[in-house]
Structures are given as structure tokens and as C-alpha cells.
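Chemist: Each chain, letter by letter, is given below.
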Amino acid sequence: MDNFKNNITNQNTSLNTGKLDTLFSEIPSVKEVRASLLKRTAGDKYIWGIVILLALISVLVVYSATGSLAYKMNKGNNEIYLFKQLAFMVMGMLIIYFLHRINYTIYSKVATILFLISIPLLIYTLFFGAKINDGSRWIKLPIINMTFQTSDFAKLALFMYLSKVLSKKQEFIKDFKKGFIPAVIPVLIICALIMPANLSNALLTGATSLVLMFIGRVSLKHIFLLIGVALIPIAIIVSVAVLTHNKKAEKVDAASISTEKTISIGRFGTWVKRVQDFVYAKDKEVPFQVQQAKIAIANGGVLMGLGPGNSRQKNFLPQAYNDFIYSIIIEEYGLLGGAFIVFIYLLFLFRCINIFRRCPYAFGAFLALGLSFTLVIQATANMAVNVNIVPVTGVTLPLVSMGGSSFLFTCASIGIILSVARNVEITEGKIPAVIEEDVVENNSNNNNVPNVSAAM
Amino acid sequence: MDIKRDILWRVYLSYILVAAVGVFVIAKATYIQQVQGSHWRSMSDSLHVRLQEIDAERGTIFSEDGEMLSTSIPQFDVSIDFAAEGLREKNGKRFKENIDSLSWCLSNLFKDNSANSYKKILQEGYNSKDRNFLLRKKITYTEYQEMNKFPLLRQGKYKSGFKFEQKDIRLNPYQSLAFRTIGLARDSFKVGLEMAYDSVLKGRSGSRLVRYIAGGVSVPVEDALETEAENGKDIVTTLDVFIQEVTENALMKMLVSNEAQHGCVIVMETKTGKVKAIANLGRGSDGAYHEDYNYAINATEPGSTFKLVTLMSLLEDKKVSLNQIVNVQNGVWQVAGQTVYDDDDMKGKTDLTVKQAFELSSNVGMAKLAIAGYSNNPSQFFHHIKKFRMDTLTGIDLTGERKPVIIRPGNKLWGPTTLPWMAFGYNLQVTPLQTITLYNAVANNGTMMHPYLVNSINEQGINVKKFQPKIVDEKICSDETLKLIKQCLEGVCTEGTARKLFIGSPYKVAAKTGTALMANGSRGYTDQIFQSSFVGYFPVENPQYTISVVIVNKPHVANHFGASVAGPVFKEIADRLYATKVIENNSKPNNEKRDSSFFKYAGYRTDVKQVMQQLNLKYKDSSTVTNDWANITATAGHIVLNNKNIETNKMPLLKGLGLKDAVNICENDLGLKLNIKGKGKVIEQSIAAGLPVAKGQVINIYLN
Numbered sequence: 001m002d003n004f005k006n007n008i009t010n011q012n013t014s015l016n017t018g019k020l021d022t023l024f025s026e027i028p029s030v031k032e033v034r035a036s037l038l039k040r041t042a043g044d045k046y047i048w049g050i051v052i053l054l055a056l057i058s059v060l061v062v063y064s065a066t067g068s069l070a071y072k073m074n075k076g077n078n079e080i081y082l083f084k085q086l087a088f089m090v091m092g093m094l095i096i097y098f099l100h101r102i103n104y105t106i107y108s109k110v111a112t113i114l115f116l117i118s119i120p121l122l123i124y125t126l127f128f129g130a131k132i133n134d135g136s137r138w139i140k141l142p143i144i145n146m147t148f149q150t151s152d153f154a155k156l157a158l159f160m161y162l163s164k165v166l167s168k169k170q171e172f173i174k175d176f177k178k179g180f181i182p183a184v185i186p187v188l189i190i191c192a193l194i195m196p197a198n199l200s201n202a203l204l205t206g207a208t209s210l211v212l213m214f215i216g217r218v219s220l221k222h223i224f225l226l227i228g229v230a231l232i233p234i235a236i237i238v239s240v241a242v243l244t245h246n247k248k249a250e251k252v253d254a255a256s257i258s259t260e261k262t263i264s265i266g267r268f269g270t271w272v273k274r275v276q277d278f279v280y281a282k283d284k285e286v287p288f289q290v291q292q293a294k295i296a297i298a299n300g301g302v303l304m305g306l307g308p309g310n311s312r313q314k315n316f317l318p319q320a321y322n323d324f325i326y327s328i329i330i331e332e333y334g335l336l337g338g339a340f341i342v343f344i345y346l347l348f349l350f351r352c353i354n355i356f357r358r359c360p361y362a363f364g365a366f367l368a369l370g371l372s373f374t375l376v377i378q379a380t381a382n383m384a385v386n387v388n389i390v391p392v393t394g395v396t397l398p399l400v401s402m403g404g405s406s407f408l409f410t411c412a413s414i415g416i417i418l419s420v421a422r423n424v425e426i427t428e429g430k431i432p433a434v435i436e437e438d439v440v441e442n443n444s445n446n447n448n449v450p451n452v453s454a455a456m
Numbered sequence: 001m002d003i004k005r006d007i008l009w010r011v012y013l014s015y016i017l018v019a020a021v022g023v024f025v026i027a028k029a030t031y032i033q034q035v036q037g038s039h040w041r042s043m044s045d046s047l048h049v050r051l052q053e054i055d056a057e058r059g060t061i062f063s064e065d066g067e068m069l070s071t072s073i074p075q076f077d078v079s080i081d082f083a084a085e086g087l088r089e090k091n092g093k094r095f096k097e098n099i100d101s102l103s104w105c106l107s108n109l110f111k112d113n114s115a116n117s118y119k120k121i122l123q124e125g126y127n128s129k130d131r132n133f134l135l136r137k138k139i140t141y142t143e144y145q146e147m148n149k150f151p152l153l154r155q156g157k158y159k160s161g162f163k164f165e166q167k168d169i170r171l172n173p174y175q176s177l178a179f180r181t182i183g184l185a186r187d188s189f190k191v192g193l194e195m196a197y198d199s200v201l202k203g204r205s206g207s208r209l210v211r212y213i214a215g216g217v218s219v220p221v222e223d224a225l226e227t228e229a230e231n232g233k234d235i236v237t238t239l240d241v242f243i244q245e246v247t248e249n250a251l252m253k254m255l256v257s258n259e260a261q262h263g264c265v266i267v268m269e270t271k272t273g274k275v276k277a278i279a280n281l282g283r284g285s286d287g288a289y290h291e292d293y294n295y296a297i298n299a300t301e302p303g304s305t306f307k308l309v310t311l312m313s314l315l316e317d318k319k320v321s322l323n324q325i326v327n328v329q330n331g332v333w334q335v336a337g338q339t340v341y342d343d344d345d346m347k348g349k350t351d352l353t354v355k356q357a358f359e360l361s362s363n364v365g366m367a368k369l370a371i372a373g374y375s376n377n378p379s380q381f382f383h384h385i386k387k388f389r390m391d392t393l394t395g396i397d398l399t400g401e402r403k404p405v406i407i408r409p410g411n412k413l414w415g416p417t418t419l420p421w422m423a424f425g426y427n428l429q430v431t432p433l434q435t436i437t438l439y440n441a442v443a444n445n446g447t448m449m450h451p452y453l454v455n456s457i458n459e460q461g462i463n464v465k466k467f468q469p470k471i472v473d474e475k476i477c478s479d480e481t482l483k484l485i486k487q488c489l490e491g492v493c494t495e496g497t498a499r500k501l502f503i504g505s506p507y508k509v510a511a512k513t514g515t516a517l518m519a520n521g522s523r524g525y526t527d528q529i530f531q532s533s534f535v536g537y538f539p540v541e542n543p544q545y546t547i548s549v550v551i552v553n554k555p556h557v558a559n560h561f562g563a564s565v566a567g568p569v570f571k572e573i574a575d576r577l578y579a580t581k582v583i584e585n586n587s588k589p590n591n592e593k594r595d596s597s598f599f600k601y602a603g604y605r606t607d608v609k610q611v612m613q614q615l616n617l618k619y620k621d622s623s624t625v626t627n628d629w630a631n632i633t634a635t636a637g638h639i640v641l642n643n644k645n646i647e648t649n650k651m652p653l654l655k656g657l658g659l660k661d662a663v664n665i666c667e668n669d670l671g672l673k674l675n676i677k678g679k680g681k682v683i684e685q686s687i688a689a690g691l692p693v694a695k696g697q698v699i700n701i702y703l704n
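Line by line, the protein sequences give chains L and H. For the first sequence, the residue numbers in the working numbering are 1 to 456. For the second sequence, the residue numbers in the working numbering are 1 to 704.
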């Protein structure tokens with residue numbers, strides 16, 4: 001892309017002067033190239049800053065938290081994980097950069113395609129995926145030999161698609177058939193496919209979708225109806241959990257194992273167990289992870305934690321570098337550090353709302369809102385798990401947890417958000433048209449996007 | 001604008017909700033940290049922090065000449081965690097790749113199983129998924145180091161699953177040598193020096209607070225109170241490996257040939273009271289002899305060796321003179337309704353001098369003298385027993401010393417036969433160590449030395465405590481008594497019971513024999529078990545060593561006399577000591593003179609002549625016969641070449657010979673087996689010059 005643009009500028013100058021060769025003075029210096037790269041890096045500067053800040057925090061904490069993993073797997077060679085994480089960082093940044101350079105209107109078409117791909121992918125995963133803790137969540141990409149969680153992909157596709165549907169159906173959004181049904185069907189499909197392997201993720205996806213639908217002006221009546229329907233399976237699980245727990249308390253261990261067996265259809269047993277763990281947790285029965293996470297939180301002070309790299313619980317807390325990284329952050333950087341992370345995510349969301357406000361186009365506006373809310377809801381969910389507000393679920397802290405497919409998909413979300421932001425800046429005339437002419441051209445040629453501001 | 005505004009309030013409402021969750025998260029974290037904090041932190045400590053004991057290394061027991069007698073060495077038990085992640089990952093790829101080479105290496109190292117059977121063992125373990133599969137116990141440190149280089153093990157414990165558990169064990173490099181005295185450092189109960197000096201040897205184990213981290217590895221907690229383990233100190237004993245070896249061999253030989261029950265020998269350095277060797281051998285159920293019990297500190301009826309006490313008391317109180325006549329009545333004497341018997345060789349003997357009665361060990365004579373001297377005032381006799389410290393522990397630095405049993409006059413057990421029987425060593429029990437301590441006092445001109453086993457306590461080679469010889473009693477008797485009693489003891493070896501033993505001996509011995517019929521529990525004296533003993537010192541002119549030999553024979557054995565059972569053991573030890581230690585001690589002053597006009601060398605005749613020629617020294621050849629060997633002696637510049645006679649059945653003096661000549665003489669001429677230490681000229685030989693030698697005998701020589 002860079003070369004391509006340089007060619008364009010070079011061609012222009014050559015044409016103007018009528019020369020066939022270029023003068024040295026005409027070749028842009030390194031400084032200029034850097035400047036032009038900076039100019040090309042558009043979108044909200046705060047969001048860029050937040051992304052880089054979180055990435056730096058991630059490198060620090062992941063490096064610390066992988067210590068015990070490194071000890072177990074690589075004879076204490078921590079740097080393996082550091083470089084892995086740095087590699088993910090670079091990959092993530094490249095994804096953000098390239099996605100934000102693309103005109104977001106293309107994502108409208110892409111969203112539909114991705115959504116259609118995600119359905120067979122989830123079905124494939126359900127039957128042939130790699131199993132971890134009884135749940136088939138992962139598939140292995142054949143060429144680059146990387147496992148990734150298909151639900152991460154499906155979620156991104158779903159939220160993009162949902163943004164598209166909500167923006168398109170604004171005229172008759174309050175209508176059940178014309179507005180609600182087209183919005184809710186894709187959500188139900190994806191959640192149903194994720195649920196068998198990962199209930200908590202399905203619930204989180206459903207809840208996020210509900211928030212997006214609420215923002216997208218879907219009738220509250222319809223939303224509550226949906227919540228009512230969704231509560232049925234949850235109510236079943238909770239009631240089973242309560243009932244079997246009572247039995248458990250009366251019978252000896254052996255019997256409880258057998259009841260566990262009878263109720264374990266797929267991952268049903270695990271869900272029941274988790275709910276039981278959460279509801280009936282006494283001090284000593286607290287699940288190991290929760291116990292260790294709480295110890296980690298208790299180890300950190302208010303202002304000062306144990307200091308970078310000094311976490312003790314990283315050695316005991318399973319997934320310290322992943323799902324439970326927030327506990328490690330509090331342990332090493334104190335409550336202040338923990339609050340700072342919350343603040344950063346809220347700031348990120350605030351900036352995204354700002355984009356929404358400035359964005360004149362409906363799809364772009366919804367895209368920015370949908371993806372940012374998803375990301376921040378996931379972050380708060382993760383933190384809520386860490387401080388034991390909700391039961392243990394396998395959700396990562398976006399951008400901070402150790403790299404993996406979810407990290408890259410998060411980067412993709414951010415890239416798309418920044419793409420919208422960049423467009424907003426172009427329409428507001430903050431970016432010189434010369435550099436952006438190709439984009440502007442594309443933009444003006446695009447008739448697919450309804451002009452919301454015109455309608456307003 | 002309506003639509004966007006409608007959306008905007010929804011957005012803000014959602015934002016507030018998200019922010020509220022965020023605030024709740026922080027609030028909950030604060031609650032966990034500030035309200036429940038101490039609970040969780042203490043749980044953390046209880047889960048991951050332990051007070052770990054740091055073992056102290058047990059000290060080493062050294063002999064006086066610096067040999068290790070007992071030391072701690074590490075041993076390892078090898079087990080395998082077959083469920084180790086690294087071992088099983090990728091369907092056991094790592095295990096399968098390495099099993100063949102590993103089996104081969106194991107078989108090659110331990111040589112007890114073929115590579116195939118090792119492979120089978122490992123495969124079985126792998127199939128069982130045993131987390132603690134014991135492969136081998138007690139491998140040495142060298143084997144441990146070797147094993148760590150093996151395939152699979154090289155990859156570390158997480159990948160191989162191999163675990164080594166270190167255990168320190170106590171090793172006696174000289175095995176059974178003075179085993180009982182050195183003792184055992186068992187956990188259950190210790191004996192010997194290990195027990196007596198346990199508090200010194202064991203050190204103090206330290207402790208530290210450790211935090212367990214990944215993989216069962218623990219790291220010390222910083223800033224926590226840590227007490228370092230204080231390693232045990234070493235003790236240097238007075239024992240001499242060479243003397244101990246000689247002693248044990250001599251005792252063993254006699255015990256085996258006489259099938260005796262058990263025996264005990266103590267060798268004491270006369271001037272200091274140092275115990276140089278202590279051997280305790282008992283016959284096991286398998287017929288072999290082991291160091292099984294410390295007989296040296298166990299009290300028994302001493303028999304005739306106790307007559308020293310009787311005679312010394314009588315002499316000290318001037319109740320007898322050596323030339324006084326005592327009637328031994330053919331060895332049978334009735335007293336207080338009981339009969340005192342003597343050995344058969346007293347038959348036909350009546351009037352003997354007191355000296356003779358002592359030298360020939362007449363029970364009747366001693367009993368009569370005691371009755372004559374002390375029947376009116378037995379306390380006077382008891383006073384001497386007390387003075388000679390026969391009624392009390394010697395206080396040697398060994399635990400378990402048994403108390404002697406002496407009946408005091410006035411005690412209800414005291415009867416009319418008590419005194420006469422005590423006079424020849426019955427009706428009382430003393431330990432061999434007490435007896436030797438008394439004899440040593442006589443040898444040491446009446447100064448009784450405290451017997452001891454430990455020279456010093458060392459810490460990392462640095463002396464922290466030194467034990468000096470301790471005088472128990474400056475003078476146990478008058479010089480007059482001492483002179484007389486010494487004459488009697490010498491007489492035993494020249495005219496008395498031991499007269500045959502030392503014929504032709506290059507040194508003079510003063511000693512007393514003892515042959516005591518032993519009570520065998522409830523069976524009394526009917527089993528005819530004799531305790532043969534021999535206690536004495538040598539050389540008489542300047543006593544260096546005091547030796548006590550006590551052997552308990554099997555029932556009804558014909559050869560049970562002190563002079564014929566215990567005596568030869570004494571002589572063998574004394575011979576070896578005389579050759580190696582005594583001569584050396586006596587000749588030291590001469591060595592210090594370094595004057596080229598005085599010298600004495602010996603060697604192959606032609607070689608000697610050649611050297612003299614080369615050095616252009618004039619000498620006078622006064623050889624009477626021309627044989628292979630020659631002495632060359634210079635006295636004030638006057639050099640004389642003389643013939644050196646080598647007899648094939650007598651040990652020649654090797655001193656001053658070079659190694660080549662010494663080997664030639666010992667191996668070619670005499671047919672001896674030679675052990676050589678050091679280099680230079682011969683300075684010491686283990687068989688003294690003049691002693692008879694037989695082909696195949698072993699001789700040690702020391703060169704310098």
C-alpha cells in the first residue's frame with residue numbers, strides 16, 4: 001500500500017515536470033516517509049494511545065505471569081513467552097493498521113460473508129474441534145498451525161453483522177417481523193452453536209447482543225421477551241444445581257459422583273458444578289482458581305502492589321497469564337493499577353461513543369458502538385470473574401491476556417473501529433484529501449450506506 | 001436528529017451500566033483486599049510457605065593418624081514419575097525415543113540387569129503410570145553424577161520424570177575396625193563414640209522459611225528469619241589405625257584358633273592414658289567373629305590380674321616383704337569352711353616366697369596373705385581398692401561403662417570368704433579398662449592417667465577443643481612399693497607363669513597372667529568357662545604401651561591359661577609395636593645428629609664399593625666373609641666396610657637400605673611379602689630385626 005501511494009505521488013510530480021526520471025530531491029526522505037506513515041495512521045489518537053498502553057501493560061504482566069509456565073515447559077526460559085507475546089503485539093498492530101486503512105463500508109459486505117462462514121465453522125468445531133475440559137472450542141488452522149477459538153471469530157462476525165442489520169432496519173426497527181426477527185435470528189443461531197461447548201461465552205454473547213439491540217432501538221418489549229426465553233435454560237441449570245447440591249449434602253461423596261454422572265450430558269455437569277461452586281462457596285470449598293485469585297488480590301496493596309514481576313500467586317493461579325491476569329495486575333500494581341485498567345477500558349468506550357456521535361453514517365456508527373461495547377463488556381466480565389462477582393468463565397481480558405486468537409480478533413475489532421474513526425475525520429476534513437483521495441473516492445462512490453445524518 | 005438522540009441516551013445508559021460494573025469490580029477487589037485480606041494472605045502462607053529443616057552434616061570420626069573411621073556420605077534413591085507431562089506428551093514420544101539408549105546406559109552402569117530387562121522394567125513402569133516408581137535404592141554420588149548425563153535424564157526432571165532423593169548414610173571406611181568403639185549412628189539408638197559425642201557430631205539443624213513455587217521447587221522467603229544449619233564437628237580419636245589393625249588381627253587369630261566366645265584387647269599409651277586401640281570381638285551365631293559388644297567396659301570377675309591390687313596393698317602397708325615365705329600347701333587351703341584351689345602346677349609346692357607366689361599366681365598364697373594382713377581390718381584393704389580406683393568408673397569418654405561391683409566391709413554381702421577370694425580376683429567385678437588403667441599407673445611410675453579416646457574436636461580442620469592427658473592420681477603408691485611390684489611383674493615374664501612366652505624377645509615385658517573360672521549365670525561355675533587374661537606393659541626400662549588382653553573361652557576347653565591364650569596375643573601386638581613404634585621412639589635422638597663423619601648405610605656389596613670409589617672415600621674392608629651384602633659405617637671419619645649377615649629365618653635390620661636392596665633381601669632372600677610406603681631409605685619395618693620370620697609372611701616397610 002505504501003509503495004502504491006508513493007508511486008502515485010511520484011507519478012504526479014513526474015507528470016508535472018515532464019521528466020522521465022526522478023531527482024534525488026524528489027525522493028521522499030526517511031523523515032518524510034515516517035511523517036507520511038504517521039499521517040496515514042489516522043483515527044482517534046486516544047484509542048491508538050489506549051491500545052498501545054494496554055499492549056505495554058500486557059507485555060509486562062504476561063512476561064511476569066508466564067514465569068511458572070516457562071519453568072515447567074522450557075526449563076525457565078521466560079523469554080520464549082516474552083517474544084511470543086511481542087510477536088503477537090506486532091501482528092496485532094499490523095492487523096489494526098491494515099484494517100483501519102480500509103474503508104469501513106467494505107465491512108458491510110464482509111460482515112455478511114463472515115457471518116455465513118462462521119456458522120459451518122462453529123458446527124465443525126462442535127464435532128471435530130480440539131477438546132479442552134470437555135468443551136470443543138478450538139480448531140487448528142492447517143497451514144500456520146495455530147489453534148483458534150472459533151467462537152471468537154463467530155462473535156466478531158455476529159457483531160459486525162448485527163450492526164449492519166440494526167443500521168439497515170432503523171426505519172421499522174420497532175416492528176416485530178421486519179425489525180426484531182432479522183436482528184435476533186443471527187444472535188440465536190450463533191449463541192446456540194456456541195452454547196454446547198461454552199455456555200458462559202454464549203451467555204456473554206447473548207447479553208452483549210441485547211445491549212446492542214437496546215442501543216439499536218429495538219423495542220424493549222421484544223427485548224424482555226427474549227430475556228424471558230433465554231432465562232429458561234439458565235433457570236433449569238440453577239435449579240438442577242440447587243437440587244443436586246442438596247442431595248450432595250445428604251449423601252456421601254460416591255453417590256454425588258454418580259449423580260454428577262447422570263446429569264452430565266455434554267457439558268451440562270460442568271455448568272451445574274460451576275453454579276454450585278459459586279452459589280454454595282464457603283471459604284474452604286471455594287474453587288481453587290477463585291481462592292488463588294483472591295489471595296493474589298489480597299497480596300497487592302491499595303497504592304502499591306508487590307511490584308512488577310513480583311507476583312507470588314502467578315505460581316499457583318492456573319491461567320495467571322490468561323483468564324486471571326487481572327488478579328495478577330492487582331497483586332503487582334495494587335488496587336490503583338486495577339482501577340487504572342478499568343479506567344482505560346471506560347475511556348476507550350467513551351472515545352468510541354465519541355466516534356459514534358461524530359459519525360454521520362448509520363452502519364459506521366453502529367459498527368463502532370457494537371464492537372467497542374463488546375470489547376468492554378468482555379473486559380468487565382473478565383474482571384468480574386477475577387473478583388468473583390460472577391462464576392468462573394473462560395473469558396480473556398481483551399488486549400492484556402497472553403496472545404492467541406482472541407487477541408488477534410480483538411485487534412481486528414479495534415482496526416475496524418479505527419477505520420470508522422478515520423472516515424469520520426475525513427468527512428470532518430481533518431485529514432488532507434490528497435493522501436486520502438483514493439479513500440474519499442471510494443467513499444463517494446459507495447451508495448450502499450444510508451446517510452443517517454440526512455435522515456436526521 | 002430524533003433517531004440519533006434516541007440512540008444516544010441508550011448509549012449513555014449502557015455506558016453508565018458498564019461503568020457501574022467497573023466500579024463494582026473495584027469495590028469488590030477493595031473488599032477482598034481490605035476486609036478479607038488477612039484471611040487470604042494467611043491462607044496463602046499456610047498453602048505455600050513452610051518451615052523447612054536444613055539438615056546438618058554429621059561430623060567425621062578420625063583416627064589419631066588422620067584416617068577416617070566413620071563419616072557421612074550421600075546416597076540417592078532413584079524413582080521415576082511416569083506421569084510426568086514432559087515424558088508422556090505427544091503420546092510418549094520422548095519416552096519411546098530414549099528408552100533403548102537409557103536402558104543400555106543403566107545396564108552398563110549398574111551391570112546387574114541386561115539392557116533388555118531394564119527396558120522391560122521401564123516399560124512396565126510407563127504402562128503403570130506410577131508417579132513414584134522406585135527404580136533403584138542407595139546409588140552412590142558417582143553413580144548419581146553419571147546418571148545425570150544419561151539420555152532422557154539430561155533433559156531435566158520435568159521431562160524425564162526422574163527424581164533423586166538424597167539420604168546421608170554413615171560409612172566406616174575401615175569397616176569392622178574398632179567398630180564397637182566408634183559406634184553406630186543409627187536413628188534408634190547409638191553406641192560408642194557416635195553416642196558419647198553425638199551432640200558434637202550431629203551439629204544443629206537449621207530452619208528457614210521457604211515458599212513453594214512452580215513444580216514443587218521451593219525458594220527461601222526473603223527477609224525471613226533463617227537459622228543456618230550448624231554442621232557437626234569432627235572428632236579426632238586417640239585410636240591408631242595401624243595399632244588397631246594389629247590388635248584386631250592378633251585377637252582374631254587367637255579367638256579363631258581357640259574357638260573362644262569373645263575377647264577384648266585394649267592398648268594404652270603409657271605416658272598419656274590414650275587408648276590407641278580397642279578391639280572387642282565376639283563369636284556370632286554363624287561362628288564368625290564380629291565387633292558385637294564393648295567388652296572393655298563391661299565388668300566381670302577379673303581373676304588373677306587383681307592379685308596386683310592385693311600385693312600392692314600388702315606392700316604399701318608393709319605387711320609383707322617379697323622374700324617372706326608363704327606356704328601354698330600344694331595348692332589347697334581350707335578357709336571359713338570353703339576351699340581355695342590352685343592350678344595343678346602348684347602340686348608339690350609348699351614354701352614359696354611372696355614374690356614367687358605372685359609370679360606363679362598362687363591363689364592360696366594370695367588368700368593367705370590377705371587374711372593375715374587384713375582379716376582384722378578389712379576396711380584397710382578396701383581403702384587401697386579405692387585408692388587404686390577399682391571401685392569406680394574410669395570416666396572414659398564412652399557411654400555405657402558398667403559400674404564395678406565391690407563388696408564393702410560391713411555390707412550384708414560381706415562374709416568370711418569375701419576377703420580371701422577377693423585377694424585372687426573373685427567375689428568382685430571390674431572392667432578390663434579399670435584393670436589396664438591400674439597397670440598403666442604402675443608402668444607410668446605410679447601416676448594414674450585418665451583413659452581417653454578423643455584427642456580433639458575439629459571444625460572444618462581447625463582445632464576447637466583439645467583434650468590433654470589428665471592425671472587422675474599423681475602417686476598411687478610409694479616409690480618403694482612401686483619398685484617392688486615392678487620386680488614382681490617383670491618376674492612373671494622371666495620366672496613366673498609367662499616365662500616361656502618371652503624367651504628371645506628383644507624387649508622386656510612386665511605383666512600378670514590371669515585365669516579365672518567364670519560363673520555362667522544360674523549354672524554357676526560348672527561349665528568350666530575360663531577367662532584368660534594378660535595385662536602388662538613394655539619395654540620395662542621405659543614403658544611405652546600397656547596392653548590388656550581378656551579372652552573368654554568356650555566351655556571345657558583344654559587351653560585356657562592366661563599365659564597360653566591371652567599371652568600370645570599380647571606378645572604379637574607387643575612385637576609389632578616394638579618394631580614400628582618403640583624402636584622409632586627410642587632412636588629419635590640419634591637421628592637428629594647430622595654429621596658426615598658419622599654415618600651408617602647398608603647395601604649390595606658391589607654397589608657400596610662402587611659408591612665409595614666414585615666419592616673417592618677411603619675405607620677399611622673388615623669383612624670376615626664375602627657375601628652379597630655389606631654395611632658401611634663411619635665413626636669420626638673412620639670408614640669401615642663390614643659384612644651384613646642375612647639369615648633366611650630371621651628378620652634382618654632393613655634400616656638405611658634403599659628400596660632396591662630392601663626388596664631384594666625381603667622377597668628374594670627371605671621370601672616375604674612386602675608392603676611399601678613412602679620413598680627414600682627404609683626407616684621403619686613392621687617386623688623387628690631379630691624376630692623369626694617364615695616364607696610368605698607380610699612385612700610393611702616405611703621409607704623416607
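In case anyone wonders, no lab produced these hints; they're calculated from the structure. You may find that some hints are simply not true.
As the list claims (entries may be wrong) - Think about it this way: if two alpha-carbon atoms lie no more than 30 Å apart in a straight line, the pair counts; the simulated DSS-like pairs of lysine-lysine are:
| hint | chain 1 | residue 1 | chain 2 | residue 2 |
| --- | --- | --- | --- | --- |
| 1 | H | Lys159 | L | Lys84 |
| 2 | L | Lys84 | H | Lys157 |
| 3 | H | Lys483 | L | Lys84 |
| 4 | H | Lys483 | H | Lys349 |
| 5 | L | Lys169 | H | Lys4 |
| 6 | L | Lys84 | H | Lys93 |
Chemist: Checked against the structure, which of the hints given earlier come out wrong?
Modeler: 3
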